[in-house]
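Trainee: Residue numbers (the working numbering), protein chains in the order written: chain A, 1 to 930; chain B, 1 to 930.
Rather than coming from a laboratory, the hints here were simulated on the basis of the structure.
Computed from a predicted model, the values in this text were never measured in an experiment.
C-beta atoms are modelled at their ideal positions from N, C-alpha and C, and glycine is treated no differently.
Take the hints with a grain of salt, since some may be wrong.
Some residues of chain B that are not near chain A, with every Cβ distance over 12 Å (derived) [unchecked claim]:
(1) Ala400
(2) Trp433
(3) Glu537
Facing chain B, from chain A, some residues (calculated, C-beta under 7 Å) [to be verified]:
(4) Asn671
(5) Ile676
(6) Glu677
(7) Thr685
(8) Glu709
(9) Gly715
(10) Arg720
(11) Val741
(12) Leu802
(13) Asp805
(14) Lys809
(15) Ala858
Incomplete in silico selection of chain B near chain A, CB under 10 Å [claimed, not checked]:
(16) Leu139
(17) Gly141
(18) Asp215
(19) Tyr217
(20) Gly546
(21) Glu550
(22) Arg607
(23) Thr685
(24) Thr705
(25) Gly715
(26) Asp820
The lines below spell out each chain.
2 protein chains.
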Amino acid sequence: MPDAVPSMRAHRAAKRYIYAWGDGRAEGNGSMKDLLGGKGAGLAEMTNAGLPTPPGFTITTEACNDYFAAGRQLPAGLWDDVLEAVKEVEARTAKGFGDPRSPLLVSVRSGAKFSMPGMMDTVLNLGLNEETLAGLVALTGNERFGWDAYRRFVAMFGRIVLGIDGRRFDEPLEAKKAARGTKADSDLPAADLRDLVATFKGIVRDQTGREFPADPYEQLDLATKAVFVSWFGERAREYRKYNKIPDDLGTAVNVVTMVFGNMGDDSGTGVAFTRNTFDGAKELYGEYLTNAQGEDVVAGIRTPFDIQHLAEQMPAVYEEFVAIGDQLERHYKDVQDLEFTIERGKLYMLQTRSAKRTAAAAVKIAVAMVDEGLIDKREAVTRIEPSQVDQLLRDQFEPAARKAARKIAGGLNASPGAAVGRAVFHYRTAVEWAGNGEKVVLVREETSPDDFPGMAVAQGILTAKGGATSHAAIVARQIGKPCVAGSEELHVDGDAREAHSSLTGLEIHEGDWISLDGSTGEVFVGALPTVSARYEEQTDLQTILGWADEIRRMGVWTNADKPEEAAQARSYGAQGIGLCRTEHMFREGERLEIVRAAILVATQATRAKAKVAAGGALTAAEAAIVAEFDARMGELEALQQGDFEGIFRAMDGLPVVVRLIDPPLHEFLPNRDDLIEQVTRFDATGTPADDPGYAEARRLLAAATAMREQNPMLGLRGCRLGIMIPDFVKIQTRAILNAQVAVRRAGGNPIAKIMIPLVGHVNELKATRELLEAEADRIAEAAGIALDYKFGTMIEIPRGALTADEIAKEAAFFSFGTNDLTQMTFGYSRDDAEGGFLLKYVEDKILPVNPFQTLDDAVAGLMRIAVEKGRAARPDLELGICGEHGGDPESIHKCERIGLDYVSCSPFRVPVARLAAAQAAMADGGFRDK
Amino acid sequence: MPDAVPSMRAHRAAKRYIYAWGDGRAEGNGSMKDLLGGKGAGLAEMTNAGLPTPPGFTITTEACNDYFAAGRQLPAGLWDDVLEAVKEVEARTAKGFGDPRSPLLVSVRSGAKFSMPGMMDTVLNLGLNEETLAGLVALTGNERFGWDAYRRFVAMFGRIVLGIDGRRFDEPLEAKKAARGTKADSDLPAADLRDLVATFKGIVRDQTGREFPADPYEQLDLATKAVFVSWFGERAREYRKYNKIPDDLGTAVNVVTMVFGNMGDDSGTGVAFTRNTFDGAKELYGEYLTNAQGEDVVAGIRTPFDIQHLAEQMPAVYEEFVAIGDQLERHYKDVQDLEFTIERGKLYMLQTRSAKRTAAAAVKIAVAMVDEGLIDKREAVTRIEPSQVDQLLRDQFEPAARKAARKIAGGLNASPGAAVGRAVFHYRTAVEWAGNGEKVVLVREETSPDDFPGMAVAQGILTAKGGATSHAAIVARQIGKPCVAGSEELHVDGDAREAHSSLTGLEIHEGDWISLDGSTGEVFVGALPTVSARYEEQTDLQTILGWADEIRRMGVWTNADKPEEAAQARSYGAQGIGLCRTEHMFREGERLEIVRAAILVATQATRAKAKVAAGGALTAAEAAIVAEFDARMGELEALQQGDFEGIFRAMDGLPVVVRLIDPPLHEFLPNRDDLIEQVTRFDATGTPADDPGYAEARRLLAAATAMREQNPMLGLRGCRLGIMIPDFVKIQTRAILNAQVAVRRAGGNPIAKIMIPLVGHVNELKATRELLEAEADRIAEAAGIALDYKFGTMIEIPRGALTADEIAKEAAFFSFGTNDLTQMTFGYSRDDAEGGFLLKYVEDKILPVNPFQTLDDAVAGLMRIAVEKGRAARPDLELGICGEHGGDPESIHKCERIGLDYVSCSPFRVPVARLAAAQAAMADGGFRDK
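The shape of chain A in the complex, shown without the other chains (with noise of 0.2 Å):
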């Protein structure tokens, strides 16, 4: 396409801000997103490429910073080079601004270099008033649509630009159509929409104390204003905010001559996309009305017809949509959403832009492109969201259900997932009815801290009020629940226990079954039908992965404790076991008995057995302790072996790491509370002493008060509990390496490698490791064969960040707990922050972003740290991370850019991982060969 042509006016201010197209010849292109946002772009391509297009110009984005930047003052010079630009719209459409005899109307539109919800919309027939109108409709020779024109802009600058609410609007109208018993607008006859004209204008005289604009000029300064000012409203920066878009920006404005679709038969207008978004197939897809404007369409009111049916009601317009969508998506090398008019018979292209689409559509039309030339692999990768394959892997309505399904709202996709469930409009119910084993969803105009039982126990949330970083979007995302949020045109009546939506009329009643969307925030009558993803028949998707792993640098390992899991991770292309974690299993069944059995005895028998190593001789109360323990350690390292026998077969040939025991032991006794209970009501109650139940209580209650800490997460645990009490590093390791022995000789390929955590000074390392490599030999020495595993550590605690270069030389691994190294880089304690204090600073934007899902900045700085030291202390330090950000997009691309070996996270985010790895390598990559 040509660059840029020479202005076809003269400026009068200092900068060029205006950029004008018309008669196939514009003077931008559309590689000006930034100056002329995405819209005016699209515009001025599609011009420049011969498509139909209305003459009109677009007012820059730079303009909008000058605004602000004089204190919302027009630049000098702008309004000057706009009545020139009108007045070469003038010219191309043989038209005039304000002109009763032809007179030209516009539409005036927001548009940013990105989409963005809570900008100025569309303000459609710009140029009306009492007299253009008269000439409108002589010239059409039809008086009603020149009211129902007036009307609607009336109502629309009412609302959009004097910033009226539009329910004062809605209000007459619907007066009009219940007095005129029908429910659609058409039905009104021209005399209504006069007398409405009047109403509307008398609201606005009402609301702000003026006359409505007549001057078509003013009317345009007006709106031009008011889609600067749109640019700051508070959804507006919300949303940037949330997006990470920059406020500096600003938006452009587009200036574009009015077409009409409804001026008969042989007008209409439309949306469609070059390929259908919703399942990828390649074929043109969306929808038209015939005699209608753009909103009608919206409105939902008259069925439009599937697009297809052009073919036969206008054939020629169709060949040439066709063709211009072909065109269009050749050129963009991407599926195309147009907006289109046809004005008697002619079509005008009104805008192209990159077709949003669902996670399945993205799939396929992705690898489909790649087939047919149009992209190659790397860009297919980037065409793919992180959380479209997410989604891919979530349960999801059933296609044809949710096609036939009845829509009674849409919000803010805030929380992905498919909900389905009884609607409840109170926490105290949702508790109370999923207490009875029902499943809810709960509607609430919004949340507060005092719902959050009641989102804990439901499937889904639905709000009213509150965009991407509200309350209930917020927990919703933490909590992994569904969530649609603000859905503005649902009307929640919490104490009627009751909602209507706006749009659509329709009610939900407190127990009414609904389904909610939350990855594309719909919310369905109903109880939909859920189909579970299975990855192994998502074919485009595995093809996708399949260039991801070509492209990626790092790793992707899962965290995984069971063989079943690790096996689904291998099964989703998981690479190795970052983390599996030998606690878990010791919750299992008879296991816990085991475990409180031996913990109960652990700190005696340990210090009996000093004192037999200093040489000194046991009483027999020591024996008998030190013998309990030795023999419930003996069945906790028999039941271990097993588990990592059967871990090592599922990963075989692949690395496991294996974390030793790492949580504080009182987290295997009953809870003290309860304990304390039974204590005082066996007391209270007379119950003798020597009762076995009393007995046991007390002395149940007694070892947890030993065990009592202030701060769990920062005490006896981790590498510190080995320390204490060393049975149990040398019951853990003769289990992990006696269990690589068997396997191997059963022939497998068993990669063991043991990890250390919660590592603050290298000393403790040395010490730990002392004791396993004690154990190492003699089990090497018993079985005869050389053992074969490395000896590494999480990297979770501050201090070992600080003194990485001291640690590596004692690990060959590091291995970054995020989770723990967030608790403590902050001074947070997770348990108790994210149903507290966190979730009040995100959404009072204290944090931008919780940090236990994306990696802070900080955070990362301080890994950097101990990377670097580590690296330089052991070139060959292997380096990965298991904390849950290893699963995070956004945090992925922090680890590229860290430098790490891989990312480990569960298994189902595993191919999430693989596709941002990808991602990351490209956008942040170069860090090291691989």
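Add chain B to chain A, keeping to what the hints say.
Mentor: For chain B alone, kept in the frame of chain A given last:
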């Protein structure tokens, strides 16, 4: 003094391993402590200065290191050099080593650069065997003298060189004395001594399987190696580790011609100091015995003479000795500790070294020496240990009573201070007696974690085993109790509840009053009276600290919460308050009830206020809650304003840093365990639900449960609290600033700094600052005067340190809260760790030191990052520390190196910090010009 003279012998060894002296010339000199050790360098220096020393030679520390490097082999050629050196001594003394006609006997002593317990002491009379003994007897004509020397030598050599338990030699000696009905060794006739020699040789044969070595050269060889080996003895290693003395210094061996103080009444031996090392008076101070060897002085069976008595007994010798003392003190510019022997009227100097002295003496002597022009003020300031300043401000035993007291035993001065109490031998007894109001001192063989409850209630702790890093020593220092540890002459029988001293023969029974001085390591009979230290009366100390003030760069501020504390700290020289904790004021008397009442409604009231701010209306219940909350907060505000006025008056003209509320709110509620018990008891006993006590207990339990946190240290506290419940920030701001207004109106000069705790993200600071400045503006307007306050923050969260550049933009000052910073950097909960694994960590040397006592290097590294980033963002940023490390001398050195502006510590540490800061400025200074 001359440089080292050239060697007088042919070297066979590759290096020069031997430095000899005699005839007024020495090959070494006083500057060669590294190579010759303190003792060898002192002997060389004295010889070169013309003082009478017995000829001898030193085997260097390098020989010791080479001995270990060669796998415990004497380096090649060393032994030949030793033989030559012996020949030189033979020539100088006209005696022969092993020559019966004129036998040369020598002493062999270790001598490292630093004097060190646990290394080999002295073997006297080496060179004796049956033949040389006969010669000695013939030469002296004194058979008893000869056999006495021989039996001493065999026992000493057996014990020290051959490693035989000394008690084996004591037993036959005691038996002989019992048989003779005497308690004094000197009452035994020659025949008994001869029998003992035979018995002792039999013991050696039994224990070693070899005859006692008769060859003097073999004796010398074995003794030399024993000295080397003692360098790596356990106690020596432990001592070095604790005192941070490198292992590779090695020890020298001194071989010195024996001179005999036991050759009659014109002979004698003694120890004296050039000044009084107890009170610092300028007078010769010490004691001697006539007709005795060194060990007789120690054994304490004959009462030694005061050194002044020598002026009458041997006037010429006394004159000479006084002159020598003067000469040495002027030469070394320090008080000397002199060992001497008089052999038949001739004075020999055996050792000179800087004298250990009490804290009081150290201060008096340093000031006196400046007055005398011996040293300058800077040197005087380096002469005082910060711990000595600490001692001077603790209670001490009344000097006269102490002098008159009977000493039971001595040990390591493991934790300073004077303790008086009744001896108890079990922790349970300690707890029980202390519970009855008794003062107790816990006496144990050694302590284990089981003893902790007893240690916590005891006045002091005394153990027979273990060194400076034993459990007892570590815990005692941690909890601030006086402790004498590792008193090896004390034999403790815990079952019999008694102890006896093998040195003094005194016994301690349970219930006996004893007094122990943890500063000197002494234990006395009875309850000694103590005197409290009065800083105002310690003019010498004030003089030294005044000099320190001239030298130091860093300011010394104090942590004080009350006017009285502030006044005391100011009298100690504090230059400001670095930490005034407002919440300490919340806990006193009536206030706790007010605080509790406010807390119980705080969350609801805050939510109600938010509702009003958002334009909502309150229910009657909500309005009542807000009213209750505001009333309580108003009371608190008034009380706090009074507190602050008092503090501002006490610190008139000096800065006062007030920290806003920090601890979690549930700290102000009753203990939750107790509440569970109460509620359960009410319930179990069928109390009606409307019983007022039951209802109140339920209400409090519900509140405590709602506020409960898994890890309160990392929970809702610090600035998080002020963000969640802004009224806390508001009332505290008002109380501080209104207090400032009031005091200023009364003519004072209050300087207020408001400090925000627990900041991890700059936005927390911004949010708090906004709240606070709004209140400040209102107050300024109401008062009609401009307020003068600074706004700053604690840096106590790792993330705060890592993002100090951002935070510094919002803060005029940082104060490092190193308690929390250490907790979070290490991931330790101090409350849990110090009674638990941290003890073991320090005992096992996993950590070199308790990081809550002395700033850890990694934590200091994090502080350095914060200082550099903070100063880069705001060059005039004021930087201080208010964690407990601010009063720890070693930590103060680190603060100097990091470049802080001031340290803040508890009032009684202020003098210590003033001295330490001056020493740091000299040792580590040059950071900034003052």
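Trainee: Run every hint past the structure and note whether it holds.
Mentor: Results of checking the hints against the structure:
Against chain A, the non-interface label of alanine 400 of chain B holds: every CB pair exceeds 12 Å, the least being about 45 Å. The beta carbon of tryptophan 433 of chain B is kept farther than 12 Å from every beta carbon of chain A, the shortest such distance being approximately 24 Å. Every beta carbon of chain A lies more than 12 Å from that of glutamate 537 of chain B, the smallest distance being close to 42 Å; the non-interface claim holds. Interface hint at asparagine 671 of chain A: violated, since its Cβ lies 11 Å from the closest Cβ of chain B, which is beyond the 7 Å cut-off.
Residue-level restraint check for isoleucine 676 of chain A holds (minimum Cβ-Cβ distance to chain B is 5 Å; threshold 7 Å). With 7 Å as the threshold, the beta carbon of glutamate 677 of chain A comes within range of chain B, its nearest partner Cβ sitting at about 5 Å, so the hint holds. Of the supplied interface hints, the one on threonine 685 of chain A holds, with its beta-carbon coming within about 5 Å of a beta-carbon of chain B, less than 7 Å. Checking glutamate 709 of chain A against chain B by beta carbon gives a least distance of about 4 Å; that is within 7 Å, so the hint holds.
Residue-level restraint check for glycine 715 of chain A holds (minimum Cβ-Cβ distance to chain B is 4 Å; threshold 7 Å). With 7 Å as the threshold, the beta carbon of arginine 720 of chain A comes within range of chain B, its nearest partner Cβ sitting at about 5 Å, so the hint holds. Checking valine 741 of chain A against chain B: minimum C-beta separation of about 31 Å lies over 7 Å; hint violated. Because the smallest distance between the Cβ of leucine 802 of chain A and any Cβ of chain B comes to about 5 Å, under 7 Å, the interface hint for this residue holds.
Interface hint at aspartate 805 of chain A: violated, since its Cβ lies 11 Å from the closest Cβ of chain B, which is beyond the 7 Å cut-off. Hint status for lysine 809 of chain A relative to chain B: violated, with the closest Cβ pair at about 15 Å, above 7 Å. Residue-level restraint check for alanine 858 of chain A holds (minimum Cβ-Cβ distance to chain B is 5 Å; threshold 7 Å). A distance limit of 10 Å between C-beta atoms decides the matter here; for leucine 139 of chain B the minimum to chain A is near 49 Å, and the interface restraint is violated.
Annotation: interface hint on glycine 141 of chain B violated; nearest CB of chain A at approximately 51 Å, more than 10 Å. The closest approach between the C-beta of aspartate 215 of chain B and any C-beta of chain A is roughly 36 Å, which is over the 10 Å cut-off, so the hint fails. Because the smallest distance between the Cβ of tyrosine 217 of chain B and any Cβ of chain A comes to about 37 Å, over 10 Å, the interface hint for this residue is violated. Taking 10 Å as the C-beta contact cut-off toward chain A, the hint placing glycine 546 of chain B at the interface is violated, the least distance being around 39 Å.
Taken as an interface hint, glutamate 550 of chain B does not check out: its beta carbon lies about 37 Å from the nearest beta carbon of chain A, beyond 10 Å. The criterion of a C-beta within 10 Å of any C-beta in chain A is met by arginine 607 of chain B, whose closest approach is roughly 8 Å, and the hint holds. With 10 Å as the threshold, the beta carbon of threonine 685 of chain B comes within range of chain A, its nearest partner Cβ sitting at about 5 Å, so the hint holds. The beta carbon of threonine 705 of chain B is positioned within 10 Å of a beta carbon in chain A (closest approach about 9 Å), and the interface hint is therefore held.
For glycine 715 of chain B, the suggested interface contact is upheld, since its CB lies about 4 Å from the closest CB of chain A, less than 10 Å. Hint status for aspartate 820 of chain B relative to chain A: holds, with the closest Cβ pair at about 7 Å, below 10 Å.
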